[in-house]
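Chains as they are written, first to last, in this note's numbering: chain A, 2 to 315; chain B, 2 to 315; chain C, 2 to 315; chain D, 2 to 315.
It is possible that some hints are incorrect.
Note that the list lumps identical chains together, so a pair holds whenever it fits in one copy or between two copies.
Straight-line distance between alpha carbons at most 27 Å, and here's what the computed DSSO-like set of lysine-lysine pairs gives [said to hold, decoys possible]:
no., residue 1, residue 2
1, K180, K52
2, K164, K205
3, K118, K284
4, K8, K29
5, K16, K29
6, K179, K78
7, K119, K8
8, K29, K78
9, K215, K205
10, K52, K40
11, K142, K205
12, K119, K179
13, K207, K147
14, K52, K143
15, K143, K156
16, K156, K207
17, K16, K52
18, K207, K13
19, K118, K8
20, K285, K78
21, K164, K13
22, K40, K16
23, K52, K13
24, K78, K156
25, K205, K156
26, K52, K150
27, K285, K16
Source of the hints: derived by calculation from the structure; they are not laboratory data.
There are 4 protein chains.
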Amino acid sequence: MIENLKKVQHIKTGKNMTCGQLIDQMNKSGVMGAGKIAKAADIMETMIRDKECKVFLGLAGAMVPGGQKQIIIDMLKDGWIDVFVTTGANLTHDLIEALGYNHYQGTHMINDDELNKKGIDRIYDAFMPNEVYEGLEKFCKKAFEKMPKEEMNIKEFLWLLGKEVPDENSILRICAEKKIPIFCPALSDSGIGLQVWSYMQEHKIKVSAFDDLKEIIDIVWTSDRNGVIYIGGGVPKNYVQQALQFSETAASYAVQITTDRPESGGSSGAELREGISWGKLDKKARYTNVTCDATIALPLISAALKERLEKEST
Amino acid sequence: MIENLKKVQHIKTGKNMTCGQLIDQMNKSGVMGAGKIAKAADIMETMIRDKECKVFLGLAGAMVPGGQKQIIIDMLKDGWIDVFVTTGANLTHDLIEALGYNHYQGTHMINDDELNKKGIDRIYDAFMPNEVYEGLEKFCKKAFEKMPKEEMNIKEFLWLLGKEVPDENSILRICAEKKIPIFCPALSDSGIGLQVWSYMQEHKIKVSAFDDLKEIIDIVWTSDRNGVIYIGGGVPKNYVQQALQFSETAASYAVQITTDRPESGGSSGAELREGISWGKLDKKARYTNVTCDATIALPLISAALKERLEKEST
Amino acid sequence: MIENLKKVQHIKTGKNMTCGQLIDQMNKSGVMGAGKIAKAADIMETMIRDKECKVFLGLAGAMVPGGQKQIIIDMLKDGWIDVFVTTGANLTHDLIEALGYNHYQGTHMINDDELNKKGIDRIYDAFMPNEVYEGLEKFCKKAFEKMPKEEMNIKEFLWLLGKEVPDENSILRICAEKKIPIFCPALSDSGIGLQVWSYMQEHKIKVSAFDDLKEIIDIVWTSDRNGVIYIGGGVPKNYVQQALQFSETAASYAVQITTDRPESGGSSGAELREGISWGKLDKKARYTNVTCDATIALPLISAALKERLEKEST
Amino acid sequence: MIENLKKVQHIKTGKNMTCGQLIDQMNKSGVMGAGKIAKAADIMETMIRDKECKVFLGLAGAMVPGGQKQIIIDMLKDGWIDVFVTTGANLTHDLIEALGYNHYQGTHMINDDELNKKGIDRIYDAFMPNEVYEGLEKFCKKAFEKMPKEEMNIKEFLWLLGKEVPDENSILRICAEKKIPIFCPALSDSGIGLQVWSYMQEHKIKVSAFDDLKEIIDIVWTSDRNGVIYIGGGVPKNYVQQALQFSETAASYAVQITTDRPESGGSSGAELREGISWGKLDKKARYTNVTCDATIALPLISAALKERLEKEST
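With these hints in hand, go ahead and build the complete structure from the sequences.
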C-alpha cells in the first residue's frame, strides 16, 4: 500500500526562488501545513481556470488593516472571484483608506489608555486614527443623498456606494465597476452600517437585509459548478454555506484559511468536510483546510497563482 | 515588590466539592487558565449584582447543538442578562428544539457522505436530522402570517416570533416573554432568515436590519454602567462593541470566553484590553479574557454563580 | 440511525452543584469540549478502578507554577497513578516550593526588564523570585553528598533526592516515599539537572539517562493492561508512548489534555488515535483528546473523580 | 504620534515574484502574521551576518517527516547555525532516511487500525513503514561497535554516529562533518536512544546526559553575542534558554516559530519577551514570535534569506 503513495520529498529552497517555485516544492513534500498550502494553491488554480465554475470568496478578519487589501483587489480585478462576501468592517476600512486615511504599523504591547487619549484605535498591532470617522460621515452623507428612495438590497446599495468612492484602488469601487456581486449580510454591524442608520433618522433610504438572499441563492443554483474560498470564517463563510445548502449545486472546490478550530463546533472553525453531510460540499469535491494566519498564507498563494495563471496570458 | 503579591495557593479539590468551591480554589491559585476562570466568575458576579449596570451577552458559536441552551435560558430567566445579542444559527437551533426536534451525540470521525445519505447534518460531533427544516418552514409560515404588515426591526420581529414558540423552555420564547431586547444583526444568515426571505416572496413582511442600531445604542447611552459577556466572538461581540464605541458609557466590566486568537487581528479573538483604545472599554474596567472552549467554561462558571447569587435569596 | 444515538441533553447547572454532578450533566450533553471532559473523567475513573491496569501520568507544562501541585500530589497519594513521567522543570518548581519559596500571582502585561531588575522570573502570569536558585543549590549539594558513588538511573536518583526533601507535601517526596517510579528523561534540561552537572565537576556522582528505559519498558511489558494520562505533551508523553510502542501491551485507556494541535505533526499535539497505527494504543481502547488548558480541566476532573472514587470508600 | 509610524502598505504580489520580494512586501505591510514573518527574516539575517554572534537553532516537532530536512541541512551547511539542539525524534527520522527509507504522503482521515495491520506508522498525514526499525537496529549495532569504551557526552556520541551515516545529505552527518555542536538532552526518548539502551545491555557504551551542559554553557559564555531560533518549543528551546539563563550573555537576537500558546504557562508557547525577566534575553534584543506552522514559515524565510545572504557572495 505504502509503495503507491508519493514520497515526502524535502523542500529545497534556493536563491531567487519564486513563490510559485516554493509552492511547487511544498507540493512535493505534500504533508502538514506546507502540503495544505500547496493543495490550496492547486484547488484555487483549478476553480479559477474552470470557466463554468463560479468562485465565491468569503472574507472575514481584519484583512484591510492587515495589509491584504491589494491582494483582494487584484483577485477581484483579475477575474478570479465571481461573488464576494465580506464583513462590514472590511468594507469600512477599505472605504476609510479610499478617503485618504491610513492604517499604521503599531504594536500590541502598549498602554491602550494612552492610545485612547491620542485618538488612536488599535487592531492588534495596527493603529488607526479615530478621526477617520469624521471623514467617513461626511462622505457617506454625500453619497447617500444621491441614492434612490426606493428599497435596495445590500448588494445594490454597496454598488451605488462603490461608484462614489474617490479612489480607483478600492475593493468597494472595483466591485461596483466590475459588477461583482458583493454581499455583506451583517452590514449594520459596521461603521458604514452606522452611517446608514444615522442617515435614516432624517432622510429616506431603504436597505433590505433579506433581499440579497435571493440573489446569492440564484447564483448558486444557476451555475454549473461552484468553488468557495473562505478566509477567516464568520458570517461570510456561513452565508455562502447556507446558499449552497439550499441549492442543488454543492461546491466542487473548496479552500479554507483560518486559525479557528473545529472542536467547539462553531461554523468559523468547522472543517470543510463537515459540509458534505449538509450537502454544501460535493462528496467528490477537492478541498483543503489550511490552518494558518491568512496574512501569511494568502500573499504566498496569491503570488504563486499569478505566476501560474498569467503564464499563458503572455 | 513580590512580597505584596498574593501567593499561588495550590488548588485543593475534595469529595463533593461544589463548583463554587472549586472556583474559590481557582481564585486562590490565581494564575493561568484557572485564575482567569475565577476572575471571570468574580467579574460576572459583580456586573450581575450591580443594579445600575446593564449586562450584555454576546453569544456566538454552536451553543445550542453544544448542549448549552439551558444555561443560556437560565441566565435570561434569572435576570442576569439585560440585552441579548446572538447569531441566527443559535436562534434557529433553539427554535428547532422548541418544535420537538433534537440534536444527537455523534462523532466527528465519520464519513460525511454517509451522513448526507441518511439525512443527517453534522456540527462537529453533534448530529441533527435534516428533516428539521420542514418543521421550521411550517412553523415560520404560520407565525409570519400573524405578524403586522408594518415594518419591524429585527428585535420586534424576534419578540413576535418568540411568542409563537410552542415550548416554554426556549431562548426565543423567554426573551419575548421577559421583554429582553434580543439583537441578531445577521439574521438573514440563518435558517430563520431564509424563512423570512422565502415568505417575503409572496407575502408582505418587512424586517429592517438597521433600525435595531438605534435601540442598542440607546440602551448603552442611557445606562449608568455597562457590563459585557462575549462568548465566541463573531458579529454578536462586534455589534455590542460598536454600540459601546458610539456611546459615552464605555463598559465597566467585561468577560470574554473564546478559543480565537488575537494575532491575526480579527474582532473575535481580539483581547478585551484593545477596546480601551477605541473607548469601548473603560480604562478602569475590570476584565478578563478566558481562553477556553465555552462548553467547558460556561457551565462551570454558571454553577458557581448560581451558588453565589442565590445564597442571599434564600 | 440517528434514533439509536443519545440526544444532546442540555447541561442544567444548579445551586451547590458538585463538580461530579456537573460532569454528569456534561456527560448527558455529550458533545464538544464538555462531552470530552465527561468522557475523560469516565475513562480515568475506569483505568484507576481497574486493579490490573497500570496508570501512567505524563505531565508537562508549568503545572507547579500554575497551581496544580496539590492535585498531582493527591493523584499520587491516593493511588491513582502507578508511573509518573514529567519534566525537570516541574520537579524543580516542586522542590523550590518544598524549600519554602513560593510562586506569586503576577501578570503577563508587564515590563519584563523591570521584573529582571527586581530579581523576578516570569512564567506567563506567575512570578518567582530568582533567589530560589541559591536555596536550590544549597539543598542539592547537601543532598548529593549523601548519595552513593555508584551509577544510578534517573529514577533512583530522584527517589534518593525525594527522601531529602524537607516538605512532606511535595511531588518528589511522595514519589520517593510511595516508591512510585518517576521518570524524567530530560532531567538535564532543568534547574535540578544543572545542579547535578555542577556537582559532577568536583564530586563523584553518576546518573545514567538511558538506564531508565529498561524500567519503564519492563513495567509496560509486565502489566496486564495499561492506561495513560497525558497532560501537555512534550517528552513525558513521548517517553510513555515509546515504551508502549516497544512492548506488546498497547494502552487500553488513554486521556490527553492539551491545547497543542495535531496539524503540524508534533508528538505533543498528535491525536491519541494516531497511536493505534504505531501499536501504542489498542484498537479497542477507550480514549479522548481534551483540547483545554489543563489548569481548568484537571481540577474539575480531579474533583469529580474524588467524588466518584471515594463514594465507596466511606 | 501616529505620524511618526510607518503606514501599512498593502502587500502587492506579482508574477514571478521571488520569496525575498514577497517578504520585502510583508515588511512594508508590517503588521499581524505577515509583519512578523518579515521581522523574523530580518532578525535572522542580522544574526547570521553578525560574525561575533553564535546562532543557536532549537528544533522540535516533526520536521523531518514534515519535509523540512533539506532546509535544516542547508542552514547547517551554509554556516547559518553554530549550535544545533533538537529532539531524538528528528535525529531518528533523519537517520532513517539516510538508511534509504522514506516518509510518505498519507492522510490523517484514515482508519489507524488498518495502518497498523499494514505496518504503517502515522505522523499526522505522513506515513512511515514500521520496518525502518529493523534497519535502524542493524545500523546502530554496527556503528556502536566502533565507538570508544570511554564515557562520551551526547554531543560526542552523535558526532561519532554521524560519521557512520551512509548518506551525505543527512543532518547528523553534516553536524559531524562540520563539527557543529549538536545537543539532544532527551536522546533517550527516541528510537536512537532505545538502540543505545538496547546495546548497553550486552556491550560497553557510556553516554552521559549531563556532561553536555558544560559545553553548551561554555559556548554561551564565551561568545560575544548570542542569537536564538526556536522552532516548535519543547526541550530544544528550554535547553538553550537554560544555558542563556546561567550565563552572562543574554541573547541579542531571537526568533520563535510555533503554534503553541502562552496562556497555559508552558515553555514551548511562552513569548520570547518573558525571557527578559529571567536574563535569557537582553532587554535591548531584537525578537519576534511568529505564530505559524513551521512547515509554512520556515521554507518561506529560508528562501528569502538565501536570496539576501547569497547576493554578496556572487
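Homomeric proximity label, K118 with K8: Cα distance no greater than 27 Å: Only across copies: K118 and K8 sit 20 Å apart there, 58 Å inside one copy, limit 27 Å.
Identical-chain pair category, K285 with K16, by Cα at 27 Å: Neither, since 39 Å and 31 Å both go past 27 Å.
Up to 27 Å between alpha-carbons, please classify K52 paired with K40: within, between, both or neither. Intra 20 Å, inter 40 Å, cutoff 27 Å: intra-copy only.
Could you figure out if K8 and K29 sit no more than 27 Å apart (CA to CA) within one copy, between two copies, both or neither? within (8 Å within a copy, 37 Å between copies)
Within, between, both or neither: how does the pair K180, K52 come out at a Cα-Cα threshold of 27 Å? within (18 Å within a copy, 52 Å between copies)
Homomeric proximity label, K78 with K156: Cα distance no greater than 27 Å: The answer is within: 18 Å in one copy meets 27 Å, while 39 Å across copies does not.
If the cutoff is 27 Å on CA atoms, where do K119 and K179 land: within, between, both or neither? Let me know, please. Close neither inside one copy (39 Å) nor across copies (42 Å); limit 27 Å.
Given identical chains, is K215 near K205, meaning Cα to Cα at most 27 Å, within a copy, between copies, both, or neither? both (24 Å within a copy, 16 Å between copies)
Should K164 paired with K13 be assigned to within, between, both, or neither, using CA atoms and 27 Å as the limit? For K164 and K13, only the inter-copy Cα distance (24 Å) is at most 27 Å; the intra-copy one is 47 Å.
How do K119 and K8 come out at 27 Å by Cα distance, when the copy is not named: within, between, both, or neither? between (56 Å within a copy, 17 Å between copies)
When no copy is named, should K16 and K29 be tagged within, between, both, or neither for a Cα gap of at most 27 Å? both (19 Å within a copy, 21 Å between copies)
When no copy is named, should K29 and K78 be tagged within, between, both, or neither for a Cα gap of at most 27 Å? Classified as between; 22 Å across copies, 31 Å inside a copy.
Against the hints set out earlier in the document, violations occur for numbers 12, 14, 18, 20, 26 and 27.
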